[in-house]
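Work out the full structure: start from the sequences and follow the hints.
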Amino acid sequence: MKTHDQHGRGRSRRPGRSRLLAAVGATALVLSAGLTTPPASAAPRAATVADARAAQGTAGAQDSAGSKGSKGSKVLTVAVAQSVDSLSPFLAVRLLSTSIHRLMYEYLTNYDPKDGHVIPGLATSWQSSPDKLTWTYTIRNNSRWSDGQQATAEDAAWTFRKMMTDQGAATANGSFVANFSEVSAPSPTRLVIRLKKPQATMTALDVPIVPKHVWEKVGDFSKFNNDKSFPIVGNGPFVLTAYKPDSYVRLRANTSFWRGAPKFDELVFRYYKDQDAAVAALRKGEVSFVAGSPSLTPAQAASLKGQKNIHVNDAPGRRFYALATNPGARARNGKKFGDGDPSLLDQRVRHALFMAVDRRTVVGKVFQGHAVEGQGYVPPRFATYFWKPSAGQELRYDPAGAARLLDEAGYRRNADGKRVGKDGKPLNYRLLCHATDPNDKAVGKYLQEWWGKLGIGVTVDCLDNVTDPWLAGKYDLAFDGWSVNPDPDFVLSIHTCGALPATPKDTGATDDFICDRTYDQLYARQLAEYDPAARAKVVKQMESRLYDLGYMNVMAYPNAVEAYRTDRIRSITTMPSAAGNIYGQDGYWSWWSAVPANSGDSSGGGTPSGVIIGIVAGVVVLVGLAGFLALRRRATADDRE
Amino acid sequence: MTAEATPALVEGAAGPGSTGRAAGRAPRAGASASYLRYVAGRLGGAAVSLLAVLVTSFFLFRLIPGDPVKFMTGGRPVSAQQIAVYRKEFGLDLPLWHQFTDYCGKALTGDLGTSYQFRAPVLDKITEALPNTLLLTVTAFVLYTALGIFLGTRSAWRNGGAGDRLHTGLALTLYSIPSFWLGLLLIIVLSVGVGPVPGLFPTGGMESGGTEGFAYVLDVAHHLVLPVLTLVAVEYGQTLLVTRSALLDEMGSDYLTTARAKGLRDDLVRRRHAVPNALLPTVTLIFVNLGRTVAGVILVETVFSWPGLGGLFYQALSVPDLPLVQGLFFVFAAAVILMNTLADLLYPLLDPRVGR
Numbered sequence: 001m002k003t004h005d006q007h008g009r010g011r012s013r014r015p016g017r018s019r020l021l022a023a024v025g026a027t028a029l030v031l032s033a034g035l036t037t038p039p040a041s042a043a044p045r046a047a048t049v050a051d052a053r054a055a056q057g058t059a060g061a062q063d064s065a066g067s068k069g070s071k072g073s074k075v076l077t078v079a080v081a082q083s084v085d086s087l088s089p090f091l092a093v094r095l096l097s098t099s100i101h102r103l104m105y106e107y108l109t110n111y112d113p114k115d116g117h118v119i120p121g122l123a124t125s126w127q128s129s130p131d132k133l134t135w136t137y138t139i140r141n142n143s144r145w146s147d148g149q150q151a152t153a154e155d156a157a158w159t160f161r162k163m164m165t166d167q168g169a170a171t172a173n174g175s176f177v178a179n180f181s182e183v184s185a186p187s188p189t190r191l192v193i194r195l196k197k198p199q200a201t202m203t204a205l206d207v208p209i210v211p212k213h214v215w216e217k218v219g220d221f222s223k224f225n226n227d228k229s230f231p232i233v234g235n236g237p238f239v240l241t242a243y244k245p246d247s248y249v250r251l252r253a254n255t256s257f258w259r260g261a262p263k264f265d266e267l268v269f270r271y272y273k274d275q276d277a278a279v280a281a282l283r284k285g286e287v288s289f290v291a292g293s294p295s296l297t298p299a300q301a302a303s304l305k306g307q308k309n310i311h312v313n314d315a316p317g318r319r320f321y322a323l324a325t326n327p328g329a330r331a332r333n334g335k336k337f338g339d340g341d342p343s344l345l346d347q348r349v350r351h352a353l354f355m356a357v358d359r360r361t362v363v364g365k366v367f368q369g370h371a372v373e374g375q376g377y378v379p380p381r382f383a384t385y386f387w388k389p390s391a392g393q394e395l396r397y398d399p400a401g402a403a404r405l406l407d408e409a410g411y412r413r414n415a416d417g418k419r420v421g422k423d424g425k426p427l428n429y430r431l432l433c434h435a436t437d438p439n440d441k442a443v444g445k446y447l448q449e450w451w452g453k454l455g456i457g458v459t460v461d462c463l464d465n466v467t468d469p470w471l472a473g474k475y476d477l478a479f480d481g482w483s484v485n486p487d488p489d490f491v492l493s494i495h496t497c498g499a500l501p502a503t504p505k506d507t508g509a510t511d512d513f514i515c516d517r518t519y520d521q522l523y524a525r526q527l528a529e530y531d532p533a534a535r536a537k538v539v540k541q542m543e544s545r546l547y548d549l550g551y552m553n554v555m556a557y558p559n560a561v562e563a564y565r566t567d568r569i570r571s572i573t574t575m576p577s578a579a580g581n582i583y584g585q586d587g588y589w590s591w592w593s594a595v596p597a598n599s600g601d602s603s604g605g606g607t608p609s610g611v612i613i614g615i616v617a618g619v620v621v622l623v624g625l626a627g628f629l630a631l632r633r634r635a636t637a638d639d640r641e
Numbered sequence: 001m002t003a004e005a006t007p008a009l010v011e012g013a014a015g016p017g018s019t020g021r022a023a024g025r026a027p028r029a030g031a032s033a034s035y036l037r038y039v040a041g042r043l044g045g046a047a048v049s050l051l052a053v054l055v056t057s058f059f060l061f062r063l064i065p066g067d068p069v070k071f072m073t074g075g076r077p078v079s080a081q082q083i084a085v086y087r088k089e090f091g092l093d094l095p096l097w098h099q100f101t102d103y104c105g106k107a108l109t110g111d112l113g114t115s116y117q118f119r120a121p122v123l124d125k126i127t128e129a130l131p132n133t134l135l136l137t138v139t140a141f142v143l144y145t146a147l148g149i150f151l152g153t154r155s156a157w158r159n160g161g162a163g164d165r166l167h168t169g170l171a172l173t174l175y176s177i178p179s180f181w182l183g184l185l186l187i188i189v190l191s192v193g194v195g196p197v198p199g200l201f202p203t204g205g206m207e208s209g210g211t212e213g214f215a216y217v218l219d220v221a222h223h224l225v226l227p228v229l230t231l232v233a234v235e236y237g238q239t240l241l242v243t244r245s246a247l248l249d250e251m252g253s254d255y256l257t258t259a260r261a262k263g264l265r266d267d268l269v270r271r272r273h274a275v276p277n278a279l280l281p282t283v284t285l286i287f288v289n290l291g292r293t294v295a296g297v298i299l300v301e302t303v304f305s306w307p308g309l310g311g312l313f314y315q316a317l318s319v320p321d322l323p324l325v326q327g328l329f330f331v332f333a334a335a336v337i338l339m340n341t342l343a344d345l346l347y348p349l350l351d352p353r354v355g356r
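Top to bottom, those sequences are chains A and B.
Be aware that the first sequence starts at 1, since it is given in our numbering, and climbs by one per residue.
Be aware that the second sequence starts at 1, since it is given in our numbering, and climbs by one per residue.
Don't take every hint at face value.
Stated by the list, open to error - Capping the alpha-carbon separation at 30 Å, the derived lysine-lysine pairs in DSS-like fashion look like this:
(1) B/K106 to A/K335
(2) A/K388 to A/K418
(3) A/K228 to B/K106
Stated by the list, open to error - A few chain A residues that don't get close to chain B, going by computed Cβ distances all over 10 Å:
(4) V192
(5) D246
(6) Q521
Derived from the structure by calculation, the hints contain no laboratory data.
The beta carbon of each residue, even a glycine, is placed where N, CA and C say it ideally should be.
What follows is the structure, given as structure tokens:
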């Protein structure tokens, strides 16, 4: 850009321009070359996948590395949003990762898709000793690891022993072995577990059994993520063949799976971080299934309903949505902390509050019908443990009754219409709400209205982080909710006195600081009860007790709203099979049972012709733009000269 | 961090070009000595900023409410003993000053710690996602900068004309559109397809998976189109407006009249005389934008499910995954500092009046 160049006129003009263009072009090339080259490990990884397939000589060997080049390969693509925390079954706790582990590894037992009762998995049968302390499992002899070795009782024993002896390996599932005293494998088909005290959940050990011969080489279990060499050796219905964080997880059907091979050749979890984008991908056919996290919104479900080739599965969910009441936070050492309103210690007040909650409106207006009115603690889909209050016990929606109860309890209206306590102060509750949950906010508005009519003030505190005030006991009421397992032990255990924090400084497993002797005695009884029917009876008594206490008031059971393409998936097992969800089941039923529709290849992603059209369109736009600019520029020069 | 660059911006923008470029020439020896002093000053400043960032990133994120161990163990059965093991493993049982010295010591050796939630070295997580982010942001950056300068110059040169009004209006409109909304709109129209418009591009992600070699490059390029388009549409307006206003400031200058009087073509007057003098504010903006490219674009990355740093930062913050948050913050800040320093070092070469 020196001054004397100015006289160079037309001569210097073109070179100057082309230099600029060349520079931009070169930069772009260098960038794309440097950045789009696949990671060095990708090629060998793909090679191992291909090798493994060739070696196994399975049907999968016919398809090439990807879904694209293989017209005959049936691929089931599922849209997911949650990142994988770890592919190591010893570390993973997130729903996506643990669901994938269900597909990769067998567990000792599984749950029947029909009603959730325990059925054989890696173990074909089991029995407990008369003293209830020894459990003997018979391990099946027809399950092979994907590298050809036989899966044995020793693999199971090693997995459990590792978790008992190595803190790193206990990270995710340590609680399952906390009560184990000794685990042994006297023969390849016999696994023996000795307990410290009786434990009814021994048929619900949701622990992936890993191949000893692969995992004994691992050094530090707290840092090993199992995501470096593929395919990952397993014995579940699928074998994980490739994983790229936040891009995809690919699994290939295990054709030698003992229960029978899955019907799809490949299962791909693809990432859609935005739920609207995932719904768009389903509409387009880029994916065959969308679950949403935790569920599709009513608007999304409505937009998909009635669409050609799309089925919306609006099924009873496994979660409950409740209103928790602070019973006065305390620690196991007896120290009280937090600042829950003392008026809530009166059962009549708690009942009055819940009687003023119109559950039907919550379900109809907030969940827009995608939920079921709340009753007992365990959702109705778990038929074995579902309990509902008797007619005399039920806290029906009854604002007038609620007002009477409050009067009885001594909280009468003052001149302003506000309910006041014995200290003369008007009742005003803080309601803890998750800022990330639109349902909380909407229900909060209703509660303000309903309780306002009773003369009770409500401050809704919507926070990103509710954990801190919650664990510190600094709340009066809170929105609460849990996903329930086929074995309800965990959701029951979080209301026992044993779950309280040891001291106010510690963190306990407790959900809401509930500590009730009667409830605790029942909890201990069900844990030691090995007869399923007798145990269910005790569990129902616990639910009844919890209902009467009024600290946990279940308002609704939100549905699982999911959608899939019927031109890709002809049929798929829901759980419970009559009406249930597909994503996040207890077991591998949905993906294992899914039957491809006849419409041919269901590869994920854009088709090759789509790529070509896209690129051609891009080039046309670029060329057009360049031409336009060139013309414009020439015109400018001519005009001015 | 950006403040460092501002004096240069003001100087460059406010300095009327009336003195012409030749007036800025100084004896060579003196110039190089003063330039060296200037460089040393800037580099020193950058080093101090980096250290400040290192310290800030440690303390800042400890102010986020939330206990990482409570978050990670929430909702599942965990014994008190196990929680203690977590605290020890993450070093959270140590006094704060001890944690801080550990952190600084490790950071200086390039070890940014281990992510709580992913159980992987922070550096690995960052290097895993950084290329993806850069591919997206740098491609968009090159395009929107080129487009912004190009249209900005033309708008200013013909200011008040139909082209100027159209481009300024369009740029302002797009600039004020939320990127996630535009992204979703593009997905609905160009990815799913509406009416006669076919679904040309993938809905999200960076690749379909399972491709290799050239097919992989094509696949990624195909996935890149919509997010880049979104970013370019939202971002080019800024460059356009800055370029336009800087050039407008130069428009009435005497030296341009002189150049025209010499009989130069209008095109050359613009390119050789006006634009070089007006480019300093734009250069500042370019480097600020370049520094930002590393931080990713969280909304666009989310809408298009791009596996980049923006999404990683969001996940890290929600725990809070302290080592990951600190590491990312440090890398983001370092990129901005680096680019601003680079811009500072470049100004004297572009305009000899700077740095004296």
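Structure-based check of each hint:
no. : hint             : result
1   : B/K106 to A/K335 : violated, 40 Å
2   : A/K388 to A/K418 : violated, 34 Å
3   : A/K228 to B/K106 : holds, 25 Å
4   : V192             : holds, 24 Å
5   : D246             : violated, 4 Å
6   : Q521             : holds, 20 Å
Checked against the numbered hints above, the structure violates hints 1, 2 and 5; every other hint is satisfied.
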